[in-house]
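Let the sequences and hints guide you as you build the complete structure.
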Amino acid sequence: MSFVHDQPEFSALITAVERETRVEAALVEKDYWITHSLWALHETKLAIWFKGGTSLSKGFGIIERFSEDLDLMIERGGVTPLPEVTNWASTNKGPTAQRRAFYDALPVALAIPGVAVELDVQRQDKYARAADYIGRYPGAHVTGLPSAMSPFVRFEVGRARVVPFALMPLTSFVHDHLARLGMSDDYVDNRPRAVRCVHPVVTLLEKLDALSRRYNRDVVEADAFVRHYEDAARVIRALDRLPPIETSALALAEEMLAEKGIAALPSADDPSLVLDDPEKRASVERAYAKIAPMFWGPRIPLEEAGATIREWVGALRG
705 MSFVHDQPEF SALITAVERE TRVEAALVEK DYWITHSLWA LHETKLAIWF
755 KGGTSLSKGF GIIERFSEDL DLMIERGGVT PLPEVTNWAS TNKGPTAQRR
805 AFYDALPVAL AIPGVAVELD VQRQDKYARA ADYIGRYPGA HVTGLPSAMS
855 PFVRFEVGRA RVVPFALMPL TSFVHDHLAR LGMSDDYVDN RPRAVRCVHP
905 VVTLLEKLDA LSRRYNRDVV EADAFVRHYE DAARVIRALD RLPPIETSAL
955 ALAEEMLAEK GIAALPSADD PSLVLDDPEK RASVERAYAK IAPMFWGPRI
1005 PLEEAGATIR EWVGALRG
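Oh and the sequence shown: position 25 is 729 in my numbering, straight run, nothing missing.
Derived EDC-like pairs (lysine to aspartate or glutamate); straight-line CA-CA distance at most 20 Å:
#1 Lys797 / Asp829
#2 Lys994 / Asp773
#3 Lys984 / Glu1007
#4 Lys984 / Asp927
#5 Lys830 / Glu860
#6 Lys749 / Asp808
#7 Lys749 / Glu788
#8 Lys749 / Asp893
#9 Lys984 / Asp922
#10 Lys830 / Asp808
#11 Lys984 / Glu1008
#12 Lys984 / Asp973
#13 Lys994 / Glu772
#14 Lys984 / Glu925
#15 Lys984 / Asp974
#16 Lys994 / Glu768
#17 Lys749 / Glu860
#18 Lys749 / Asp775
#19 Lys994 / Asp927
#20 Lys994 / Glu728
#21 Lys749 / Glu779
#22 Lys994 / Glu983
#23 Lys984 / Asp913
#24 Lys994 / Glu925
#25 Lys797 / Asp808
#26 Lys964 / Glu910
#27 Lys964 / Asp913
#28 Lys994 / Glu1007
#29 Lys994 / Glu1008
Derived Cβ-Cβ restraints for the label pairs, each shown as a range:
#30 Asp922 / Ala720: 48 to 54 Å
#31 Leu946 / Glu713: 36 to 42 Å
#32 Ala809 / Glu713: 35 to 41 Å
#33 Asp808 / Glu983: 40 to 46 Å
#34 Gly886 / Glu983: 51 to 57 Å
#35 Gly1022 / Ala898: 32 to 38 Å
#36 Ala1011 / Glu713: 43 to 49 Å
#37 Gly1018 / Glu822: 44 to 50 Å
Read the hints as simulated data drawn from the structure, not as lab findings.
Beta carbons are placed, not taken as given, at the ideal position from N, Cα and C, and that holds for glycine.
So this is what it looks like as structure tokens:
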């Protein structure tokens, strides 16, 4: 049995899914390869946690937006040939060398059929606290990708808070199409069934922290954070249908603050949420409109997203 992407008619299948879903073929194709990549990584026996915006869409179905990268924490798990790391935080020479050896060796362990993985040497951290990898897939529709997206899968690997998490199944537009046609059993099932997805409340708190920090800089680079408005609002609206956690959002925020996982929890009147600076607001609005091609579902207007966040933050603080 072979993968569906090994079939000569795979490109035509992508086009058929585009017609059915009205999602651009290039996005359907990349979504498939992201799903396939996550499945393959879990087959390697590496210990993997999935976080960030892509986990909100693919893991929990909260947002309907394509993300540029897969945000992962990876440990060697059962892949013993990988170098061992005993200290992930110290910037001393010994621990830094350990981490660099781990990240340099990781591409060989990131074995994904049909995808060539390489270390992105343009994004190397001085102290090897994180690393980026590029997964090049044989795309037939990549020229149709929005300008904000690259024709490859990016893996951002680093340390992060990964608890609480939930085991979630992942799928893709292509896999869902095959299931509707009763053809899932005709090919290798490369849908990951139990991905450790970091709980959306953790992601929500991280996004609110990022909004406040980046907006309140003297020079606002809205392209780097504008997606957080809608992502945060979507998580807030989905809170009552998320997997339960053993603590409250406020207690989790206080714990993350104490551990320096976030720098601050913005108040309801934080400038990033009120958007009353005309120049900064205009920058955010332009960036908000710019990312429209990355969404396949209806969007929340910026003003409405801000109001949703302000209401939740205000209630959280009592």
